[in-house]
Amino acid sequence: MSDNPSQLASPLPDEVRAAVFVVIPAYNEGPCLASVVEHVRAQYPNVVVVDDGSSDDTLAVAKRSATYALGHIINRGQGAALQTGIEFAVRQGARYIVTFDADGQHRVEDIGVIVDPIRRGACDITLGSRFLDPSGECANMPAVRRFTLRLGVLFTRLVSRVKLTDAHNGLRGFSRAAAEKIDISLDRMAHASELIDFVRHSGLPYREVPVQVRYTDYSLAKGQSSRNALRIVLHYLVGRVMP
Amino acid sequence: MSPFQILVVTLSGCLFTGSLIAFAKGWASRRECLVWATIWLTAGIFVMWPELTTVIAKRFGIQRGADLILYCAVITMPIGFLMIYARLRALRRELTVLVRRLAIADATGPGASPLATPSEDNSAHGTE
Numbered sequence: 147m148s149d150n151p152s153q154l155a156s157p158l159p160d161e162v163r164a165a166v167f168v169v170i171p172a173y174n175e176g177p178c179l180a181s182v183v184e185h186v187r188a189q190y191p192n193v194v195v196v197d198d199g200s201s202d203d204t205l206a207v208a209k210r211s212a213t214y215a216l217g218h219i220i221n222r223g224q225g226a227a228l229q230t231g232i233e234f235a236v237r238q239g240a241r242y243i244v245t246f247d248a249d250g251q252h253r254v255e256d257i258g259v260i261v262d263p264i265r266r267g268a269c270d271i272t273l274g275s276r277f278l279d280p281s282g283e284c285a286n287m288p289a290v291r292r293f294t295l296r297l298g299v300l301f302t303r304l305v306s307r308v309k310l311t312d313a314h315n316g317l318r319g320f321s322r323a324a325a326e327k328i329d330i331s332l333d334r335m336a337h338a339s340e341l342i343d344f345v346r347h348s349g350l351p352y353r354e355v356p357v358q359v360r361y362t363d364y365s366l367a368k369g370q371s372s373r374n375a376l377r378i379v380l381h382y383l384v385g386r387v388m389p
Numbered sequence: 145m146s147p148f149q150i151l152v153v154t155l156s157g158c159l160f161t162g163s164l165i166a167f168a169k170g171w172a173s174r175r176e177c178l179v180w181a182t183i184w185l186t187a188g189i190f191v192m193w194p195e196l197t198t199v200i201a202k203r204f205g206i207q208r209g210a211d212l213i214l215y216c217a218v219i220t221m222p223i224g225f226l227m228i229y230a231r232l233r234a235l236r237r238e239l240t241v242l243v244r245r246l247a248i249a250d251a252t253g254p255g256a257s258p259l260a261t262p263s264e265d266n267s268a269h270g271t272e
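Line order of the protein sequences matches chains A and B.
When you line the first sequence up against this note's numbering, it's residues 147 to 389, in that order.
When you line the second sequence up against this note's numbering, it's residues 145 to 272, in that order.
If we strip away everything but chain A, and leave its shape as in the complex, we get:
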């Protein structure tokens, strides 16, 4: 996060930005969280950080830097943390809810891109896609990661029957109406596929929007390994047959 927060432009009017709640699930993100939150808060006043039972100082950092800080007393997984943050944001009166990763891989500018179609009434759900980025390539994306993500897209088309270009991007946006209907039951990483199922079954209009994902040593280290993808698929499939 090397950009100066004050220099980041947002296309959204102030009253819209005030109605946006950015939900950041965080697990052992102490080294990076303050910087991420600082950048987001420079543009969006409502930042909800959900610490998922971290063993480091993530919760303390969240309390210092975020607008709202919530802490799971034990680790329940990213899906559970997202649901906690979304529920909280809805209760606080959010009109637009954006999910944002804590490892610094998302750009604050893209929050505007995510929210804009929703506020214009074009859809209720927006899903960020790194593969729609006009610049063509995601810088520093390892080949194995690219291959795994492509497999994920194929899997989503086959199983969830939703045509997406990027099925597992943490940057998503929901209207209040959509957020009120979300009930993530898969606590861990398989929630991403569950959310795609929600998109399909809710019948709410959705669209993919181009966003950039920054691959740094830190975000790559924090990200899911390709080997772990198989476990996530298994969790998702079991979750489908055994709610």
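A portion of the hints provided could be inaccurate.
Stretches of chain B that chain A covers, calculated by requiring three or more beta carbons in the stretch to come under 8 angstroms of a beta carbon on chain A [stated by the list, open to error]:
| # | stretch |
| --- | --- |
| 1 | 158-166 |
| 2 | 171-185 |
Below 20 angstroms or equal to it, Euclidean Cα-Cα: the simulated EDC-like pairs (lysine to aspartate or glutamate) are [claimed, not checked]:
| # | chain 1 | residue 1 | chain 2 | residue 2 |
| --- | --- | --- | --- | --- |
| 3 | A | Lys327 | B | Asp250 |
| 4 | A | Lys327 | A | Asp363 |
| 5 | A | Lys209 | B | Glu238 |
| 6 | A | Lys309 | A | Asp279 |
| 7 | A | Lys309 | A | Asp343 |
| 8 | A | Lys309 | A | Glu340 |
Because the hints were derived from the structure by calculation, they are not lab data.
Glycine included, each C-beta is placed from N, C-alpha and C at the ideal position.
Keeping the supplied structure of chain A fixed, place chain B upon it in accordance with the hints.
Coordinates of chain B only, in the frame set by chain A:
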């Protein structure tokens, strides 16, 4: 009776009695107590008179009683594991709901006192 039969029949008898006591005292559901009582009674009878299993097996076209018990185990054990796994998943979900409630109750930030809001509801999470 062999020492093994004495041991298993005694154990089955104790467990059968325990199931009946649980039934009488209301420690577990009526159905649960009856299922367990039936299991322990059947186990005790089959260990005491093993030839009975062969008689039943032959009715199903199986030569040996031991084979019948093996087939039954092959069918029932995965079902049992699945039921335990389903229960474990349900408990995990309930645990998550509890953790979430605590997190929201202890949230810090402006106006973060959602416990007082009327939208408090856990029915969507399938809690019992």
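Evaluation of the provided hints:
no., hint, in the structure
1, 158-166, "violated (count 0)"
2, 171-185, "violated (count 0)"
3, A:Lys327 x B:Asp250, "24 angstroms, violated"
4, A:Lys327 x A:Asp363, "36 angstroms, violated"
5, A:Lys209 x B:Glu238, "26 angstroms, violated"
6, A:Lys309 x A:Asp279, "17 angstroms, holds"
7, A:Lys309 x A:Asp343, "11 angstroms, holds"
8, A:Lys309 x A:Glu340, "15 angstroms, holds"
Hints 1, 2, 3, 4 and 5 from the earlier list are contradicted by this structure; the remaining hints agree with it.
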